[in-house]
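One line per chain: the protein sequences are A and B, in this order.
The letter at position 108 of the first sequence is residue 108 when you use the numbering used here, and the numbering goes up by one with no holes.
The letter at position 364 of the second sequence is residue 864 when you use the numbering used here, and the numbering goes up by one with no holes.
Some hints here could point you the wrong way.
Here are the simulated DSSO-like pairs of lysine-lysine, each with C-alpha atoms no more than 27 angstroms apart in a straight line [to be verified]: (1) A:LYS307 <-> B:LYS813; (2) A:LYS309 <-> A:LYS231; (3) B:LYS611 <-> A:LYS231; (4) A:LYS241 <-> B:LYS511; (5) B:LYS675 <-> A:LYS296; (6) B:LYS511 <-> A:LYS54; (7) A:LYS128 <-> B:LYS877; (8) B:LYS707 <-> A:LYS296; (9) B:LYS813 <-> A:LYS241; (10) A:LYS309 <-> B:LYS813; (11) B:LYS707 <-> B:LYS611; (12) A:LYS296 <-> B:LYS746; (13) A:LYS101 <-> B:LYS541; (14) B:LYS707 <-> A:LYS241; (15) A:LYS296 <-> B:LYS877; (16) B:LYS754 <-> A:LYS128; (17) B:LYS502 <-> A:LYS296; (18) A:LYS296 <-> B:LYS611; (19) B:LYS511 <-> A:LYS42; (20) B:LYS511 <-> A:LYS101.
The set of hints was computed from the structure by calculation and includes no laboratory data.
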Amino acid sequence: MGIPREAYDAFQSIVGSEWVSDDPAICAADYKGGAATGIRDKGSVRPACSIQPKSSEEVRRIVKVCNRFSLPYVPTSTYFSATCAPNRDNTVMMDLKRMDKFDIDYKNMYAVVEPGVSFSMLQAELFKRDLFTFVPGCGSQASVLANNLHIGDAPMGWRVGLGYRRLLACEWVLPDGELLKLGSRSYLKDYFWGEGPGPDLRGLLRGNGGPNGGLGTVTKLAVKVFSFIPKQLEPQGIQPKTTFKLPEERMRWYNARFPSLEQTLDAIYELGRCEIGFIVMHVDPIFGYIARSRGKGANFFWQEWDKAKETLDRKQGWLRVLLTGFTSEKQLVYEENVLRDVVTDYGGELRPARPLDETHLQSADAIAANAIGRRFYSIIYFESVDAGLAVGRADAKIKERYTPPLADTYGLPGWIVPYDFAHVAKQELLNYGDVDDVEYLSELHNECRKNDIKIGAYPYMEDPDLFGPFCFNYHQKLRGFKAIFDPNNVSNPPKPLTRN
Amino acid sequence: MKLEDYIHDAKGCVRCSNCKFIDHIWVQSARFARQCPINMKYKFNLYSASGLLHSAVGIMENELEFTPRLLDALYKCTLCGACDIRCKRNLDLEVLSVIETLKARCVEVGKGPMLEHKVVKENIETYNNQYGFPHMNRLSWLTSDVRSVSKVDMLYFVGCTGSYIDNDIAQAASKILTHTNTEFMVSPDEWCCGYLLYSTGQLEAFKRQVEHNIRMVKELGVSSILVTCAQCYKTWKVDYPKVLGKSTDDMNFKVVHIVEYLAELIKEGKLSFKNRIDMKVTYHDPCNLARLAEPWFQWQGEHRRMGVLEPPKTFRRGDGGVYQQPRYILTSIPGIEFREMERARDNALCCGGGAGVSLSFSDFALWIASERLEEAKATGAEAIVTACPTGKRILSEAARQGKGNIKVYDINELILKAIL
Numbered sequence: 001m002g003i004p005r006e007a008y009d010a011f012q013s014i015v016g017s018e019w020v021s022d023d024p025a026i027c028a029a030d031y032k033g034g035a036a037t038g039i040r041d042k043g044s045v046r047p048a049c050s051i052q053p054k055s056s057e058e059v060r061r062i063v064k065v066c067n068r069f070s071l072p073y074v075p076t077s078t079y080f081s082a083t084c085a086p087n088r089d090n091t092v093m094m095d096l097k098r099m100d101k102f103d104i105d106y107k108n109m110y111a112v113v114e115p116g117v118s119f120s121m122l123q124a125e126l127f128k129r130d131l132f133t134f135v136p137g138c139g140s141q142a143s144v145l146a147n148n149l150h151i152g153d154a155p156m157g158w159r160v161g162l163g164y165r166r167l168l169a170c171e172w173v174l175p176d177g178e179l180l181k182l183g184s185r186s187y188l189k190d191y192f193w194g195e196g197p198g199p200d201l202r203g204l205l206r207g208n209g210g211p212n213g214g215l216g217t218v219t220k221l222a223v224k225v226f227s228f229i230p231k232q233l234e235p236q237g238i239q240p241k242t243t244f245k246l247p248e249e250r251m252r253w254y255n256a257r258f259p260s261l262e263q264t265l266d267a268i269y270e271l272g273r274c275e276i277g278f279i280v281m282h283v284d285p286i287f288g289y290i291a292r293s294r295g296k297g298a299n300f301f302w303q304e305w306d307k308a309k310e311t312l313d314r315k316q317g318w319l320r321v322l323l324t325g326f327t328s329e330k331q332l333v334y335e336e337n338v339l340r341d342v343v344t345d346y347g348g349e350l351r352p353a354r355p356l357d358e359t360h361l362q363s364a365d366a367i368a369a370n371a372i373g374r375r376f377y378s379i380i381y382f383e384s385v386d387a388g389l390a391v392g393r394a395d396a397k398i399k400e401r402y403t404p405p406l407a408d409t410y411g412l413p414g415w416i417v418p419y420d421f422a423h424v425a426k427q428e429l430l431n432y433g434d435v436d437d438v439e440y441l442s443e444l445h446n447e448c449r450k451n452d453i454k455i456g457a458y459p460y461m462e463d464p465d466l467f468g469p470f471c472f473n474y475h476q477k478l479r480g481f482k483a484i485f486d487p488n489n490v491s492n493p494p495k496p497l498t499r500n
Numbered sequence: 501m502k503l504e505d506y507i508h509d510a511k512g513c514v515r516c517s518n519c520k521f522i523d524h525i526w527v528q529s530a531r532f533a534r535q536c537p538i539n540m541k542y543k544f545n546l547y548s549a550s551g552l553l554h555s556a557v558g559i560m561e562n563e564l565e566f567t568p569r570l571l572d573a574l575y576k577c578t579l580c581g582a583c584d585i586r587c588k589r590n591l592d593l594e595v596l597s598v599i600e601t602l603k604a605r606c607v608e609v610g611k612g613p614m615l616e617h618k619v620v621k622e623n624i625e626t627y628n629n630q631y632g633f634p635h636m637n638r639l640s641w642l643t644s645d646v647r648s649v650s651k652v653d654m655l656y657f658v659g660c661t662g663s664y665i666d667n668d669i670a671q672a673a674s675k676i677l678t679h680t681n682t683e684f685m686v687s688p689d690e691w692c693c694g695y696l697l698y699s700t701g702q703l704e705a706f707k708r709q710v711e712h713n714i715r716m717v718k719e720l721g722v723s724s725i726l727v728t729c730a731q732c733y734k735t736w737k738v739d740y741p742k743v744l745g746k747s748t749d750d751m752n753f754k755v756v757h758i759v760e761y762l763a764e765l766i767k768e769g770k771l772s773f774k775n776r777i778d779m780k781v782t783y784h785d786p787c788n789l790a791r792l793a794e795p796w797f798q799w800q801g802e803h804r805r806m807g808v809l810e811p812p813k814t815f816r817r818g819d820g821g822v823y824q825q826p827r828y829i830l831t832s833i834p835g836i837e838f839r840e841m842e843r844a845r846d847n848a849l850c851c852g853g854g855a856g857v858s859l860s861f862s863d864f865a866l867w868i869a870s871e872r873l874e875e876a877k878a879t880g881a882e883a884i885v886t887a888c889p890t891g892k893r894i895l896s897e898a899a900r901q902g903k904g905n906i907k908v909y910d911i912n913e914l915i916l917k918a919i920l
């Protein structure tokens, strides 16, 4: 099998011969790997070619060719999500890494990014002007554009919310190759405002996990950025131990321990009501063990984690808070006082933590979770803080049946990261398996999902065909959108519908 | 040391793409955020550690052959190791070893190396040096004011480039050693260290060099090998024990780069600088002296479940490189104003001089070098200093081609200016 010569020639004429290839090695490097390998990419097949456009216009022309020859295409940027694994014969992988331009409007506090712009690239430039964007846990190598469309979550979301609060105007190449401009980009030719004048279809572009390339390709997106402190963070260290030294007069980390998880969550709600903090989250203690193992390897981790089985108080809750005096040093002092009061009120014990940041502000290391098993897989919900805990506990119970072969996480309910000052939270059950355990991870995932339906949870990246019948048959609506936007079913089919 | 020894590592890639970036904590601008030369230029995932690891799995599982683009990606990879330690910030994967053994497999099946690398092999086998000069001229660089003696404990292993091409470095180094009353010897029996053979996958030919040079050291009775070439340094310190199935600590000699030695002398007050050099300089960390300089720890054992290794293994993660000494030396020279590049120390961008890439793909190698010069210029430096003859050579060539209005020095040349 292969794509028609005429189509390939057309691709070459669009991007130049050096930016398209059907060499088997190029194609073989473009369909395996990524988060949730073996679960979200089941049935993936080697693509027929890989092509790298440089502009929206080139994307548009490529998509037109795909439609003319009925060739499925998958738009990708950094490809950390295995949802971009091709699953149809003759797929064209549209790798958007050459589209790496960005433009920051410092005065109006937004950045227009192309798909090839990664978080650390943008964050470093924003920090120079006392601005910031969030950095997702999956890593600062991820695409700013793709991640915002996907979900846009990060611990910094405590203050700045999820992606829905950040998307502004954009350019969108539809699955038929037409270019659609949303928000102010459509009429005023700038990106300042997402809602108009002009059409606003941003809900179609993201939602719970986004359409994953199933409804075309966003080639330029404006994202809101935020005010940061007027101080530069100081990088320190040699890999594997690198960190920012925080300016202590403006930024301080605190850890708090509570007698129970319920008290921890009550404290989180209270902190939300007080609207203090830059990052507030309940951490799964296993993260601390992973962090301490950096540079020491999996052997060291398991040695320590096995010991923890006896010593870890599983009823306790662990809160981690980064306070930041965005407006002044006095703000930091005020927030410290509030934090101290809240922790005391809810029976906790507060301790200052090291004035360092290794994994949140410009770098993120969720990938380290793969060090202790090589196949890390999360089961995630976006829920209220309380409900997140309930779901986490229910799923942890299910997980007992898969332990072993999956790593024993001691019945802990996982990581709870609240956003928007505790309006919503991510509950993430953290599961660690070996390469050969992917089937168990997959089964656990399915069983938890079935349980979710019963308890009415809001799972992340849910399976539309499974959940649709319980949620007003929304999968049928999705099918309708897919048919309207992608009549030839070429844009990462069958996304956003169920793949398997 | 074969590809299958690293199948766990190759399969462990989760395609996070961190191998393409410097440590994110150290990213200071979008312009200099990336670190993998082949990926910066060619962008396809194949042109990255991730792509090469997936290819290695494909080769091992007979799902893939050495295609033209795989050969292109593999032999344009400079083995700079940036991906290796970047990956090891989070995971326990021997990324560089996978790529090295993939090259070796490529040679085994007759698909590699590139033509120019075969010529190097012929030169080495015939003349004992990579350039094809007569072996008898190996010590022609020696000047009368250099005091080398026999029957001492330290051998100055000059390397092919210092011996035949860039005599200035060898002469400067030996004059510095003479000035500091260091007793050292040089050997007419020195053969090429074999760096190019190893890094292009020609392991059988490499072993011949290893055997000869180790025998030479034994016969000379030296226990310390002093080098001025970063590639010689890493080859002696890491690759020799590696192909012999030993750890660096098991070898009967110690490998020392001259910057390590001189930094100690400065600290002890045995070397000082009398001349001012009024110049803004930046330092380019040679890959093989910096992130790849750590000793090799031989490991043989089992990969157990959940990443556990039995027996436990010591990984080279890049934090033991020779980073501080050259900076200490440069900042000790009166008048020098030191400027750091954004991609420094473990995050340094390769100069393009590694793994024989400059021989087979000179335009690409010069592109990398010009990228490095751009970064150096962005610091406001008037000169870029390095500690590797190959690095100096390719950076100088890029500068000559007008890619950077900046001077290029080996660190020995500056030290010599400051003391004599």
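Do the hints match the structure? See the list:
1. A:LYS307 <-> B:LYS813: holds, 21 angstroms
2. A:LYS309 <-> A:LYS231: Violated, at roughly 42 angstroms.
3. B:LYS611 <-> A:LYS231: At roughly 54 angstroms apart (the allowed maximum being 27 angstroms), A:LYS231 and B:LYS611 break the hint.
4. A:LYS241 <-> B:LYS511: Status holds; Cα separation ~25 angstroms.
5. B:LYS675 <-> A:LYS296: Roughly 42 angstroms between the alpha carbons, so the hint for B:LYS675 and A:LYS296 is violated.
6. B:LYS511 <-> A:LYS54: violated, 31 angstroms
7. A:LYS128 <-> B:LYS877: Given that 27 angstroms is the threshold and the Cα spacing comes to 20 angstroms, the pair holds.
8. B:LYS707 <-> A:LYS296: violated, 32 angstroms
9. B:LYS813 <-> A:LYS241: Given pair B:LYS813, A:LYS241 holds - Cα atoms ~19 angstroms apart, limit 27 angstroms.
10. A:LYS309 <-> B:LYS813: OK: A:LYS309 and B:LYS813 at ~24 angstroms, within 27 angstroms.
11. B:LYS707 <-> B:LYS611: Since the Cα atoms of B:LYS707 and B:LYS611 sit roughly 20 angstroms apart, the hinted pair holds (cutoff 27 angstroms).
12. A:LYS296 <-> B:LYS746: holds, 22 angstroms
13. A:LYS101 <-> B:LYS541: Holds - the C-alpha atoms of B:LYS541 and A:LYS101 are around 16 angstroms apart, at most 27 angstroms.
14. B:LYS707 <-> A:LYS241: Violated, at roughly 36 angstroms.
15. A:LYS296 <-> B:LYS877: This hinted pair is violated, its Cα atoms lying about 37 angstroms apart.
16. B:LYS754 <-> A:LYS128: The given pair, whose Cα atoms are some 45 angstroms apart, is violated under the 27 angstroms limit.
17. B:LYS502 <-> A:LYS296: Since the Cα atoms of B:LYS502 and A:LYS296 sit roughly 25 angstroms apart, the hinted pair holds (cutoff 27 angstroms).
18. A:LYS296 <-> B:LYS611: Roughly 38 angstroms between the alpha carbons, so the hint for A:LYS296 and B:LYS611 is violated.
19. B:LYS511 <-> A:LYS42: With Cα atoms ~17 angstroms apart, B:LYS511 and A:LYS42 stay inside 27 angstroms; holds.
20. B:LYS511 <-> A:LYS101: Distance ~33 angstroms between B:LYS511 and A:LYS101 Cα, so the pair is violated.
Violated hints, in rising order: 2, 3, 5, 6, 8, 14, 15, 16, 18 and 20; the structure is consistent with all others.
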